[in-house]
Amino acid sequence: MGRKERFVLSDIPIYIITVFIIIITLYPVIYVVSMSFSDPVHVLARDIYFLPKGFSLKAYQMIFKNDTVLRSFGNTIWYTIVGASVSVLLTATTAFSLSRKKFFLRKQLSFLMTLTMFVSGGLIPLYILVQKMHLYNTRWSIILPYIISAYNLIITRSFFESLPEEMAEAVKIDGGSEWTVMIKIFFPLSKPIISVLILFYGVGYWNSYFAPLIFLSNEKLQPIQLYLRSILITSEVRVAGMGMDAILMNEQMKYAVIVVACFPIMILYPFIQKYFEKGVLIGAVK
Amino acid sequence: MRAIWDLKKNIRRDWMLLLIVLPGVVYFAVFCYGPMYGILMAFKDYNVSKGIWGSPWAGLKHFKELVNSVYFGRLVKNTFLLSIEQLFWSFPIPIAFALLLNELKHNKLKRVAQTAAYLPHFISAVVVVGILKDLLSSDGGVLTRLLQTFGVQPKNYFNLPEAFRTLYVGSGVWQEFGWNSIIYVAAISSIDQEMYESASLDGAGRWKKLVYITLPSIAPTIILLLVMNMGNMLNIGYEKVILMYNPATYSTADIFSTYVYRKGLLSAQYSFASAVGLANSIINVLILLGANFVARKATDTSIF
Amino acid sequence: MQKKIIAALLSAAMLISVLTGCQNSGKQEGESSQTSENKETEETNEEKKSEVPSEETDTADADAPSIDATGTVYDLGGLKLPICEPGEVELTYMGNDTWCAGVSYNDGTAVQQEIEKRTGVHVNWDTYSSDVETVLQTRLASMEGLPDMVELPPFDSNVGVDTYSGNGVLIPLNDLIEQHAPNIQKLFEKYPALKAMCTSADGNIYALAGWWGDINDYVPDYLYIRQDWLDNLGIEMPRTIDELYDVLVAFKEQDANGNGDPNDEIPLATKNGIWQLYYLMTGFGYDTNSLWYVDEAGEVHYAAVEEQYREMLEFLNKCYSEGLISDDLEGNLLTQNITEDKVGIVCHDPADNMASSDDLAMTGNPNCDYEFMPVIQTDENGTAQMTKRSLTWHYYGITSACETPEVAIKWIDYVYASEDGSMLYNYGIEGLTYEYDDKGEIQFTDLVTNNETYTSAFSALRSVGAWPTYFINDSGEAFMKIFEGTKVETACKAAYNNMRDPFPEMLGTAEESEVYTSIWPDLSTYLNEMFTAFVIGTESLDNFYKYVETANSMGMQDIIEIKKAQYGRYQEIVGK
Numbered sequence: 001m002g003r004k005e006r007f008v009l010s011d012i013p014i015y016i017i018t019v020f021i022i023i024i025t026l027y028p029v030i031y032v033v034s035m036s037f038s039d040p041v042h043v044l045a046r047d048i049y050f051l052p053k054g055f056s057l058k059a060y061q062m063i064f065k066n067d068t069v070l071r072s073f074g075n076t077i078w079y080t081i082v083g084a085s086v087s088v089l090l091t092a093t094t095a096f097s098l099s100r101k102k103f104f105l106r107k108q109l110s111f112l113m114t115l116t117m118f119v120s121g122g123l124i125p126l127y128i129l130v131q132k133m134h135l136y137n138t139r140w141s142i143i144l145p146y147i148i149s150a151y152n153l154i155i156t157r158s159f160f161e162s163l164p165e166e167m168a169e170a171v172k173i174d175g176g177s178e179w180t181v182m183i184k185i186f187f188p189l190s191k192p193i194i195s196v197l198i199l200f201y202g203v204g205y206w207n208s209y210f211a212p213l214i215f216l217s218n219e220k221l222q223p224i225q226l227y228l229r230s231i232l233i234t235s236e237v238r239v240a241g242m243g244m245d246a247i248l249m250n251e252q253m254k255y256a257v258i259v260v261a262c263f264p265i266m267i268l269y270p271f272i273q274k275y276f277e278k279g280v281l282i283g284a285v286k
Numbered sequence: 001m002r003a004i005w006d007l008k009k010n011i012r013r014d015w016m017l018l019l020i021v022l023p024g025v026v027y028f029a030v031f032c033y034g035p036m037y038g039i040l041m042a043f044k045d046y047n048v049s050k051g052i053w054g055s056p057w058a059g060l061k062h063f064k065e066l067v068n069s070v071y072f073g074r075l076v077k078n079t080f081l082l083s084i085e086q087l088f089w090s091f092p093i094p095i096a097f098a099l100l101l102n103e104l105k106h107n108k109l110k111r112v113a114q115t116a117a118y119l120p121h122f123i124s125a126v127v128v129v130g131i132l133k134d135l136l137s138s139d140g141g142v143l144t145r146l147l148q149t150f151g152v153q154p155k156n157y158f159n160l161p162e163a164f165r166t167l168y169v170g171s172g173v174w175q176e177f178g179w180n181s182i183i184y185v186a187a188i189s190s191i192d193q194e195m196y197e198s199a200s201l202d203g204a205g206r207w208k209k210l211v212y213i214t215l216p217s218i219a220p221t222i223i224l225l226l227v228m229n230m231g232n233m234l235n236i237g238y239e240k241v242i243l244m245y246n247p248a249t250y251s252t253a254d255i256f257s258t259y260v261y262r263k264g265l266l267s268a269q270y271s272f273a274s275a276v277g278l279a280n281s282i283i284n285v286l287i288l289l290g291a292n293f294v295a296r297k298a299t300d301t302s303i304f
Numbered sequence: 001m002q003k004k005i006i007a008a009l010l011s012a013a014m015l016i017s018v019l020t021g022c023q024n025s026g027k028q029e030g031e032s033s034q035t036s037e038n039k040e041t042e043e044t045n046e047e048k049k050s051e052v053p054s055e056e057t058d059t060a061d062a063d064a065p066s067i068d069a070t071g072t073v074y075d076l077g078g079l080k081l082p083i084c085e086p087g088e089v090e091l092t093y094m095g096n097d098t099w100c101a102g103v104s105y106n107d108g109t110a111v112q113q114e115i116e117k118r119t120g121v122h123v124n125w126d127t128y129s130s131d132v133e134t135v136l137q138t139r140l141a142s143m144e145g146l147p148d149m150v151e152l153p154p155f156d157s158n159v160g161v162d163t164y165s166g167n168g169v170l171i172p173l174n175d176l177i178e179q180h181a182p183n184i185q186k187l188f189e190k191y192p193a194l195k196a197m198c199t200s201a202d203g204n205i206y207a208l209a210g211w212w213g214d215i216n217d218y219v220p221d222y223l224y225i226r227q228d229w230l231d232n233l234g235i236e237m238p239r240t241i242d243e244l245y246d247v248l249v250a251f252k253e254q255d256a257n258g259n260g261d262p263n264d265e266i267p268l269a270t271k272n273g274i275w276q277l278y279y280l281m282t283g284f285g286y287d288t289n290s291l292w293y294v295d296e297a298g299e300v301h302y303a304a305v306e307e308q309y310r311e312m313l314e315f316l317n318k319c320y321s322e323g324l325i326s327d328d329l330e331g332n333l334l335t336q337n338i339t340e341d342k343v344g345i346v347c348h349d350p351a352d353n354m355a356s357s358d359d360l361a362m363t364g365n366p367n368c369d370y371e372f373m374p375v376i377q378t379d380e381n382g383t384a385q386m387t388k389r390s391l392t393w394h395y396y397g398i399t400s401a402c403e404t405p406e407v408a409i410k411w412i413d414y415v416y417a418s419e420d421g422s423m424l425y426n427y428g429i430e431g432l433t434y435e436y437d438d439k440g441e442i443q444f445t446d447l448v449t450n451n452e453t454y455t456s457a458f459s460a461l462r463s464v465g466a467w468p469t470y471f472i473n474d475s476g477e478a479f480m481k482i483f484e485g486t487k488v489e490t491a492c493k494a495a496y497n498n499m500r501d502p503f504p505e506m507l508g509t510a511e512e513s514e515v516y517t518s519i520w521p522d523l524s525t526y527l528n529e530m531f532t533a534f535v536i537g538t539e540s541l542d543n544f545y546k547y548v549e550t551a552n553s554m555g556m557q558d559i560i561e562i563k564k565a566q567y568g569r570y571q572e573i574v575g576k
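Chains as they are written, first to last, in the numbering used here: chain A, 1 to 286; chain B, 1 to 304; chain C, 1 to 576.
Because the hints were derived from the structure by calculation, they are not lab data. This list has only true hints and no planted wrong ones.
Residues on chain C that point at chain B, a partial pick, calculated with CB under 8 Å: (1) Gln137; (2) Ala141; (3) Pro153; (4) Asp156; (5) Asp327; (6) Leu329.
Using 30 Å as the maximum straight-line C-alpha spacing, the simulated DSS-like pairs for lysine-lysine come out as follows: (7) A:Lys274 - B:Lys108; (8) B:Lys8 - A:Lys107; (9) B:Lys155 - C:Lys271; (10) B:Lys155 - A:Lys53; (11) B:Lys77 - C:Lys546; (12) C:Lys117 - A:Lys65.
Where is the CB? At the ideal position from N, CA and C, for every residue including glycine.
Using the sequences and the hints, build the whole thing.
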C-alpha cells in the first residue's frame, strides 16, 4: 500500500517484529559474505561472527582463475532468459485455458497435470527419453523436460480464476475470441502473477544443477552451478595428502561459491518487487 | 453416439482453448507421462541389460522388503512426524509475514525486510547446517553462550533425538519463509485498494481490515497452497537430513529418504528405491485427494 | 641405476626423433606398431585395422620406443608405445574428478596430456567432483551413453562389480589382460591379494580394484597426539590403555595448551564418526584394530558382538561421561577445533594428516607438535599391532560399449601398472615437477615445493594431474619421497612392516551379494546406533547381551558366514 497513513500506536510492534526479522535473516547472508572475504585461517577457526576478519580474495581468485567461469556464466544467463521466457509463456497460456470455467477438458487436464507433481516415472526413463530424442548434450535438454511446473501452473490458473469474468464476457459479446480475451484482458491484468512466475522460473533455471549434471556432459554448454560445484572438493579424501591449503580452500570455497552464484540473481529481485508494491489491478479494472 | 456428438460440439466450441492448451498437454504427455512406465521398476527386479520392460517381475517383493525391515515402524513414524511438524510451522509463517509486510507503512523498511527475508533461500543446506552447528556448538557457540546466561547447561543439541525435529524445521523456516511469502505478497498486491479505502471511511480499524478484506481476498491462494503442500508433505529429501543427523539421533531423524540413501550407498538397488518412492507417492496422492475433497466441500476452492 | 641408462638412451633417441620431426612421420609411428599385435587388431573395428601399418616389422625392444615424450621414458614392461597412432582411438572415461580444488580432468592437466602423447590414445574425460554416483548409475542403469571405461558405483561397497557384470555392462578382462597387459599380469603376480580381490566368484575378472596395497604398507591410520601437551604436563607418551586414560584426564583437567584456560581442551576427538573409537580395541585383548579379524585357528570373527568388546565400550562410556571424548560425534567441528588449538588426540586419521593438522594448529600456537601414537596395549607386555588400511579403493571396468577393448586395456596397463605410467602418476613430468640431481636422486621442482596456490606438495602434484583418482595404484615410495625428512616419514617408517593385513574385501557371489545387501544396511545401522548409545550412555551396558542377540536375529551370523566363504576363496587364490 503506497498511500501515506498516519502513524498509530499499533505500528510499534510491527516495526519491532520487522526489524527483528531483518536481523535474523540478514545474519546468515552477512556471515556468508564475511566468510568468503576473510583470511582463510579465520574461516577454519570459525571465529568470524559478523564482519570479515583479515582479508583475502583467494577463494574468488580460484573461481575466476580461468575462462570457464565466464563461459559458464554466459550459459546460465542464456538458460535463465530463454528458459524463463518459454516457461512463463507456456505456463500462462496453459493456465489460461484451464482457468476457463466452460472449457470441457478443464477438470480432467487439471487433474492429470497436477498429478505429475506427486508421481513420476523416475530419472532413468527420463534420461532414456532425453537420449532417444537426441536432446542429450544440447541446450534444450535442461529446459524442455522441465518447461512447465505443475505447481506454478496451478497458482497461475487460480490467479486467472480470480479475475472478473464480466470483462471477458464483454469481449465475447463484441465478437472477440478466447485468444483476444487472453491477450487483451487477462495478460495485462496479470503483472503480479507474471512477475512471480518470472522469479520462480528464473531462479529455478539459475540454480538448476541436477538436470545439467545428468543431461549435459559437454563442458561448453554447462551452466555456472556445475562449474562452481566442480571446484569444490566434495568427495571425501581418504587417501593421503589433503594439505592444509586444500582444507582451507575447501572450507572457504563453500561461501565464495554462494556469493558468486547468487549475486546476479539477487539483483533481479528489486525489479520484480516493483510489481508487488502497487495494486496493479486498480485502474485496469475500471 | 450422443457422446461423440457432444465431443464434436465441445471441440467446435472450445477449439481455441484447445489450441492454446495444446503445447502444455504435449509437454506433460511426453515428459511427464512418457517416462511413467518407470513405475513398473518397483514391481520388477531391474536388470540393466533387459531394460524396464524386459526385466523379470518381482511382484511385491520390494514392498515386502521395506515393510519387513526392522526399522519400518520407526521410518513411518519419523517421516510423518517430521512432515507434520514441518507443515505446521512452515506453512503459516510465510502468510503471517506477508500480512505483516502489508501492515508496514514505511516503504523503505518494507522493501528491505522483504529482500532480506528472501535471501537465505539461496544459501546451500551445507552452509546453513554449518552455521547452525557452529552457533549451537557445546563449547563456545554463540547461542550456547546466550542460553548459558539464562542458566541452560551447554549441550550438543545435535546429539539429542528430541531436538532434531525442532532444529530441522526451525532452520527450514528460517531459510524459506521469506521466499515462500512471495506468492502471498503477490496475491495481496492484487487486492483492490478501493475496498480498503471504503472500509476506512466506514471506520474499520487495522484488525478489521485484515480479517474482513485481506484474509478473505487471499484465502483461495492459501487453500490452494495448503492442499498442494499437504500432497507434498512426505517428500522430504535426504540431503539436509544427512547433514544433520548422526547415530545418536537416528531414532527420530531417520526417514524413508535417508534410509534409501544409506541402502543405495551399499548397493545399486534401483527397484527397491523406486518401490519406496512409489509407496510415498501413493500416500501423497491419497492425502492430496482427501485435502482437495475437504477444501472443495468446505470452501468451494480446489485444485480440481 | 637402470633408469638413468634408459633415460640417457632415450634422450638420444628423442633428439633424433625431434630432428626428424617424428610426430608427423608415418615411418616413426610405424616402428612402434608391432606385428605381434596385428592379429589382435583384426578384432577391432575395420577403421583401425586399415590404418595400422604392417610393413614395419621392427621389433625393437622397449628400451627405445619412438614415442613422443617429455622427459624420461621408464620401463614399459613389454607394453609397446604408442598404443595407437595419435588420435586414432578415442576412449571415454567416467568417474571421479581430481581431488584438487580448482582443477578438473575435463580441462586437461599436464600429466593427462603427457599420457596422451606417449600412448597416442585420446581420452575424453567425463569426470565429476560431486554426485558422481548419481550420474554414473543413471548412465549404467539405462545403458545409454555408456562410457568406455568407468569407475564403478556404488563406491562404498563392491557389489557394483557383481551388479554390472551379471547383466553385460562390464566385459570380462581375463583374456584381454593375458594378451595385452603384461604389466597388469606382473602386478597380479606381485600382489596375489589384488588378483584375489579383482576376481569375481565365477573366476572371471570384470573390474580392476584401485590398489592401495603398496602405499598402505607405509601409511597407517591411527591416533595422533599433541607431544607438546605431554611435555607441558610432564607426562610420557601413553602405551597402555590405563596410561591413555591418565593422559586424557590430565588433558582435561590441566591447561595442557598453556593458554591460561584449563577448560578449553578436548582430550580426544574422532574424525569420521565416534564409532572409529574401536581403534582402541587393542587395549582390550585384541591383537589388532580391525572389526573383522581371523584368529589363529583361521576362524572369522566380528569383534563388535564379542565379550571383550563390551569392556572397551565400558571404558569409552566412562571416558565420554567424564567429558574426555568430544561430543562432536560426526567430527564436523574437528578441523575447527584443531585450528583453535583445542584437540589433544585425534582418532582415525592417516599419518600424513598430522602435518596438515600441525599447520592448522600452528596458526594459533607455533609450538604445536602432533605425533603418531604407538599402538595402545592392554598392559606393558602387549604385542598388538595396527591393522593396515584397506588394500583397495573403488573398482574400474571396461564396458560393453567400448569398441576397442584391447586399446583400452593397454592404456589401463600403462597408467595403472607400468613403471613409466607410475612415474608420471606419482612424480609428474620430468622437468616440470621433478629433476634428477647429480646423485641420480629425484628432486621436486619449485612448482611442487614452493607453489603459491597449492602449498602442500600433494596438492601441487595433483594440480598438474599426478596422484590421479582413476585406476589408482599409489606408490608408497613416492609418498615417502614427498614427506622426506618430516615426522610423517618417521611415523610411516615405524609402521612399515609392523602392521597386520586387513581382512580381505572379496567380491561376492550373486547370492552373497543379495543376502548382504538385504541384511547389512539395517544391521550396520543398528550396530552403529548401539555403539553410539553405549558410549554416550543413552543405553545401559547391561543390555549388551540383548544387543548381541538382536544383532544375531537381524542376520549377524549370516554376514559372518558370507565373510567366511569369501575368506576361503581369498585363501585359495592367494595360496596360503
